[in-house]
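2 protein chains.
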Amino acid sequence: MMKWWGWGAYDVSFPMDQKPNLWPWARTKLGLEVERSTPPVERASLRFASPVMNDAFVGALAAAVPHAECSSSDEDRLHHAYGKSYPNLWRARCGDLGRLPDLVVRPSSREDVESILALAHAHEACVIPFGGGTNIVGGVDPLLGERRMIVCLDLRRMNRVVSVDRYAMTAVIQAGASGPELEQQLQKHGLSLGHFPDSFEYSTLGGWLATRSAGMQSDAYGRIEDMVVSVTMATPMGVIETRPVPASSAGPDLNRVVVGSEGVLGVIVEATMRVHAAPAAKDYRGLLFRSFSDGVAAIHDCLRAGIRPSMIRLQDEGETELAFRMKAPPKGLSGLLQGGVKAYLARSGYARPCIMVIGFEGQPADVRRLRVQALRVMKRRGAFPLGASVGGAWSKDKYNMPYLRDYIMDRGVMCDVSETSATWDKVVDVHARTIAAVEELFREEQGGHGVVGCHISHTYDTGACLYFTYAARQIEGRELDQYYRYKRRITDGFMQSGAALTHHHAVGTEHRPWMEQEVSSTGLRALRGLKAALDPKGIMNPGKLIPDEGKTAQPPP
Amino acid sequence: MMKWWGWGAYDVSFPMDQKPNLWPWARTKLGLEVERSTPPVERASLRFASPVMNDAFVGALAAAVPHAECSSSDEDRLHHAYGKSYPNLWRARCGDLGRLPDLVVRPSSREDVESILALAHAHEACVIPFGGGTNIVGGVDPLLGERRMIVCLDLRRMNRVVSVDRYAMTAVIQAGASGPELEQQLQKHGLSLGHFPDSFEYSTLGGWLATRSAGMQSDAYGRIEDMVVSVTMATPMGVIETRPVPASSAGPDLNRVVVGSEGVLGVIVEATMRVHAAPAAKDYRGLLFRSFSDGVAAIHDCLRAGIRPSMIRLQDEGETELAFRMKAPPKGLSGLLQGGVKAYLARSGYARPCIMVIGFEGQPADVRRLRVQALRVMKRRGAFPLGASVGGAWSKDKYNMPYLRDYIMDRGVMCDVSETSATWDKVVDVHARTIAAVEELFREEQGGHGVVGCHISHTYDTGACLYFTYAARQIEGRELDQYYRYKRRITDGFMQSGAALTHHHAVGTEHRPWMEQEVSSTGLRALRGLKAALDPKGIMNPGKLIPDEGKTAQPPP
Numbered sequence: 336m337m338k339w340w341g342w343g344a345y346d347v348s349f350p351m352d353q354k355p356n357l358w359p360w361a362r363t364k365l366g367l368e369v370e371r372s373t374p375p376v377e378r379a380s381l382r383f384a385s386p387v388m389n390d391a392f393v394g395a396l397a398a399a400v401p402h403a404e405c406s407s408s409d410e411d412r413l414h415h416a417y418g419k420s421y422p423n424l425w426r427a428r429c430g431d432l433g434r435l436p437d438l439v440v441r442p443s444s445r446e447d448v449e450s451i452l453a454l455a456h457a458h459e460a461c462v463i464p465f466g467g468g469t470n471i472v473g474g475v476d477p478l479l480g481e482r483r484m485i486v487c488l489d490l491r492r493m494n495r496v497v498s499v500d501r502y503a504m505t506a507v508i509q510a511g512a513s514g515p516e517l518e519q520q521l522q523k524h525g526l527s528l529g530h531f532p533d534s535f536e537y538s539t540l541g542g543w544l545a546t547r548s549a550g551m552q553s554d555a556y557g558r559i560e561d562m563v564v565s566v567t568m569a570t571p572m573g574v575i576e577t578r579p580v581p582a583s584s585a586g587p588d589l590n591r592v593v594v595g596s597e598g599v600l601g602v603i604v605e606a607t608m609r610v611h612a613a614p615a616a617k618d619y620r621g622l623l624f625r626s627f628s629d630g631v632a633a634i635h636d637c638l639r640a641g642i643r644p645s646m647i648r649l650q651d652e653g654e655t656e657l658a659f660r661m662k663a664p665p666k667g668l669s670g671l672l673q674g675g676v677k678a679y680l681a682r683s684g685y686a687r688p689c690i691m692v693i694g695f696e697g698q699p700a701d702v703r704r705l706r707v708q709a710l711r712v713m714k715r716r717g718a719f720p721l722g723a724s725v726g727g728a729w730s731k732d733k734y735n736m737p738y739l740r741d742y743i744m745d746r747g748v749m750c751d752v753s754e755t756s757a758t759w760d761k762v763v764d765v766h767a768r769t770i771a772a773v774e775e776l777f778r779e780e781q782g783g784h785g786v787v788g789c790h791i792s793h794t795y796d797t798g799a800c801l802y803f804t805y806a807a808r809q810i811e812g813r814e815l816d817q818y819y820r821y822k823r824r825i826t827d828g829f830m831q832s833g834a835a836l837t838h839h840h841a842v843g844t845e846h847r848p849w850m851e852q853e854v855s856s857t858g859l860r861a862l863r864g865l866k867a868a869l870d871p872k873g874i875m876n877p878g879k880l881i882p883d884e885g886k887t888a889q890p891p892p
Numbered sequence: 336m337m338k339w340w341g342w343g344a345y346d347v348s349f350p351m352d353q354k355p356n357l358w359p360w361a362r363t364k365l366g367l368e369v370e371r372s373t374p375p376v377e378r379a380s381l382r383f384a385s386p387v388m389n390d391a392f393v394g395a396l397a398a399a400v401p402h403a404e405c406s407s408s409d410e411d412r413l414h415h416a417y418g419k420s421y422p423n424l425w426r427a428r429c430g431d432l433g434r435l436p437d438l439v440v441r442p443s444s445r446e447d448v449e450s451i452l453a454l455a456h457a458h459e460a461c462v463i464p465f466g467g468g469t470n471i472v473g474g475v476d477p478l479l480g481e482r483r484m485i486v487c488l489d490l491r492r493m494n495r496v497v498s499v500d501r502y503a504m505t506a507v508i509q510a511g512a513s514g515p516e517l518e519q520q521l522q523k524h525g526l527s528l529g530h531f532p533d534s535f536e537y538s539t540l541g542g543w544l545a546t547r548s549a550g551m552q553s554d555a556y557g558r559i560e561d562m563v564v565s566v567t568m569a570t571p572m573g574v575i576e577t578r579p580v581p582a583s584s585a586g587p588d589l590n591r592v593v594v595g596s597e598g599v600l601g602v603i604v605e606a607t608m609r610v611h612a613a614p615a616a617k618d619y620r621g622l623l624f625r626s627f628s629d630g631v632a633a634i635h636d637c638l639r640a641g642i643r644p645s646m647i648r649l650q651d652e653g654e655t656e657l658a659f660r661m662k663a664p665p666k667g668l669s670g671l672l673q674g675g676v677k678a679y680l681a682r683s684g685y686a687r688p689c690i691m692v693i694g695f696e697g698q699p700a701d702v703r704r705l706r707v708q709a710l711r712v713m714k715r716r717g718a719f720p721l722g723a724s725v726g727g728a729w730s731k732d733k734y735n736m737p738y739l740r741d742y743i744m745d746r747g748v749m750c751d752v753s754e755t756s757a758t759w760d761k762v763v764d765v766h767a768r769t770i771a772a773v774e775e776l777f778r779e780e781q782g783g784h785g786v787v788g789c790h791i792s793h794t795y796d797t798g799a800c801l802y803f804t805y806a807a808r809q810i811e812g813r814e815l816d817q818y819y820r821y822k823r824r825i826t827d828g829f830m831q832s833g834a835a836l837t838h839h840h841a842v843g844t845e846h847r848p849w850m851e852q853e854v855s856s857t858g859l860r861a862l863r864g865l866k867a868a869l870d871p872k873g874i875m876n877p878g879k880l881i882p883d884e885g886k887t888a889q890p891p892p
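If you're matching them up, the sequences are chains U and A in order.
Mapping the first sequence onto the numbering used here, position 544 (from 1) lands on 879, and the numbers just tick up by one.
Mapping the second sequence onto the numbering used here, position 440 (from 1) lands on 775, and the numbers just tick up by one.
Isolated chain U, as found in the complex:
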């Protein structure tokens, strides 16, 4: 179980001691002359409202699925009460647990899930599917004010790779398998799914599918929806099951109706996924660019030349500074050398440089060829090679960033991320506008203090994902207002400049106010039609994804 007030296991925290340059720099940037201490409330002080029990449902469940693990313990309710958004963690730290789920049920098979949904439908109990609980857009939070019983369906017992077909390169995987669990099972066959989102250590296949996730290697292996061959989703009205064929023209693709459905239509129980041979060779390199726009142009050149690295991650000036501060200071001779290089770079126009990490995976010969081709193209845009160590440093820290948020939330600082995608013609503009908008908020609210940066995390033929991270001093007493002010300003900016509402974090409650703008009102009508057909009583994950009809869309309180 993850910390109820933060990210990751209870015995893991951000390794700040290994990064002596980071916090002093961040304190100055954030304007923390006086460092506050804002730890979460004590566990013992948490108050648990009595669970709502729908006795007819509970009785029927005990009779129909006697082996299902059911729990209403404080411990289980607490650890299934919300995801890991900033508002989730802020409230939890204050001891505000919101509307707790009433019962946590852990099914062990598709049949269990089918039975539970049929009973929940019959007895009007709400069901929230729950995988790793890593959602950061409010996707697993019970709706405040919900009077019906809320059942949290924890899929983590369904964590097996059921079968593998090495000739077709497909694997049938249960929805509750976490990243490490499924990769470990596939590894025995020399295979990999190739899906590595930031939440990899905790999140599950079902969660990835439900939120249309993208991973760090998606440039090579595709987004999660590109990997789906077939899928099984239990709904209150029966099971949607698609057939495992490589391609079809039999009507609208129901795999894509299931993917992204965020638990509002049903519970994904299993999927047949494309898998890949574990790559024989990997090569990750660091490059330095004089500016973000030079880096963007270099990526664009590369893709247009038909060169597709497995991963391209371009950090802007702000994030690059953060990355440099994350490094341990070099000692002795290497310190002197690095100082010299730095001075040389500053003189050569790299005064506020941008780091790119570029990765190649596959057969050794292909890796070598692609790397040479890519670097040749990128050098024309001023790429300065940093060698393989930067790639290693990035790889070492890649799953650490969520822990950093806890560290700074302990010290009175707000920290959040916003991600979008835009076509190439808009990438530089959306970046500049968003950074400007956040800096304006820093000026309005924090006297200009704050940290903001962005990286390109995924690239496509038509455009790229822009991933923004920002941190600012909390405004005491109105911490959530402050967060929503940022959220609204940034997201409105995305919509106005033609960028996506969300690239891989999904909708949940946090992006729901913009769904009508994103998919058009008739698009919403289509989604509501699906919901009405599959969940006519509205028991599935209420209050997520699809805005209520007729209500004005407002960001949550």
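Hint data in this document are derived by calculation from the structure and do not stem from the laboratory.
Idealized CB from N, CA, C, for every residue including glycine.
Going by beta-carbon spacing under 7 Å, a handful of chain A positions derived as facing chain U: (1) MET572; (2) LEU836; (3) THR837.
Listed next, the in silico SDA-like pairs over lysine to any residue satisfying Cα-Cα at most 20 Å (straight line): (4) U/LYS677 <-> U/LEU357; (5) A/LYS714 <-> A/VAL676; (6) A/LYS617 <-> U/ALA640; (7) A/LYS714 <-> A/ARG704; (8) U/LYS617 <-> A/ALA640; (9) A/LYS886 <-> A/SER856; (10) A/LYS886 <-> A/GLU851; (11) A/LYS364 <-> A/GLU656; (12) A/LYS731 <-> A/ARG660; (13) U/LYS872 <-> A/ARG863; (14) A/LYS714 <-> A/TYR679; (15) U/LYS523 <-> A/ARG639; (16) U/LYS872 <-> A/ALA867; (17) A/LYS662 <-> A/ALA728; (18) U/LYS733 <-> U/SER527; (19) A/LYS617 <-> A/SER527; (20) U/LYS617 <-> A/ARG639; (21) A/LYS872 <-> U/ARG860; (22) A/LYS338 <-> A/CYS429; (23) A/LYS354 <-> A/GLY670; (24) A/LYS886 <-> U/GLY573; (25) A/LYS733 <-> A/MET351; (26) A/LYS872 <-> A/LEU479; (27) U/LYS617 <-> A/GLY641; (28) U/LYS872 <-> U/GLY885; (29) A/LYS872 <-> U/ALA867; (30) A/LYS364 <-> A/ARG660; (31) U/LYS354 <-> U/GLY674; (32) A/LYS523 <-> A/VAL507; (33) A/LYS662 <-> A/GLY722; (34) U/LYS886 <-> A/GLY573; (35) U/LYS733 <-> U/LEU721.
Chain U is already provided as a structure; the job is to place chain A on it using the hints.
What follows is chain A alone, placed relative to chain U:
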């Protein structure tokens, strides 16, 4: 306009005179000791039922869209009365025009389409979207017995490439643009959509999207759904409009709800599509394999080695024989030489060989490298190189095959195609079973006479498309029974062996009886939910794609 009784323009027919070896061979195979002459009935003998006129709708239309081109002429109704399936053409040739559309309307803008649908919804007139009219699964045929007025919405006036963004590599294209029209407009920018289905000369972007089409170059550029960036579809309840972003996780992908909707949800009016630079180099080669399974193994080896040609087309023994008969006989020395090569090949195990055409497009260096790599891998499976001329021969005839059907239908022969896809573990088995099933029908009905063959037309990491073509003497007096006997036997076989209902021909009326098996009953419920939300009165393309609720699924009469 295409021939009302066959394929293509009135002044084009199959160039049988250039293929002197073909018909004598086919006659023997088909058992046509006596060649019948079965031309279509005379145009003058056709009888046109009076159009049903919904006066309220017609009046409102004239007031709201005065510039819309409307016609109830016999000529227009005839040329919009059905697609190009075997039953369509058989009936037409007999003078049975079915339920003709009552009015052909040619809108010129999105606004026109919106107005027409709103009026049709208000006055309960049916609407059938019509592009090139090339559908071969009954997708544009008015429903027999429909009493409401039927409006055929011919999109062909909306045939422009509206805008091009060379940096993002996207183009906004109107739905009514045919293959040649849109490629010509893109060519001015040095671009190509890269979508070349067999029907390319006539079919339209809207039709491709509505049917989830795949083209000859889909291995390189993806299926039509992979190319969609955003789409605009008018429905009776308003316009679904997605936003042109490279990737999104904002709920189920509505692009994929629109793609494959076959006109039953609305009318696709426009889409933003990914486009590509016209390739600098092309290289098409022929190879010969000792057996179909050797060829399949060679493709599989190739893909597993990470080598992805732009096109791979592997013909089985039956289709290869047909292909050889299509060639003009070589004369003089080259004839002698070819005879020698043939004898040598027969001695070396290529007695019943299989032709593969393999194509590479892109930068010259990449084309060369990929070709060398692919041929090296394929030679290990016994590939015998035939050089570039086979590729040329294939390319020359690639749009000719639909004309051949008319030629043989004039001579008392049934001819149809069935396509499916299967994962690699099943490809050889599905091929063998299907060929065996058709040959069994030949024995049951035609004393063993008939022509059947198959080719792999599209490949994927997980599997391939199998495309079967078969021809047999018509059974006089029960020609449609005969066709549906084949259709049912083959399609049941696909479903039983885990292959797709259809890979790129879509559902229409012909595959509708199998839709429940294909997408599950709850999957159908989802589709019905979409239909109810967007077309509550059921005016959009009635009787297609989604089986009627509660009715037993039966193949059409």
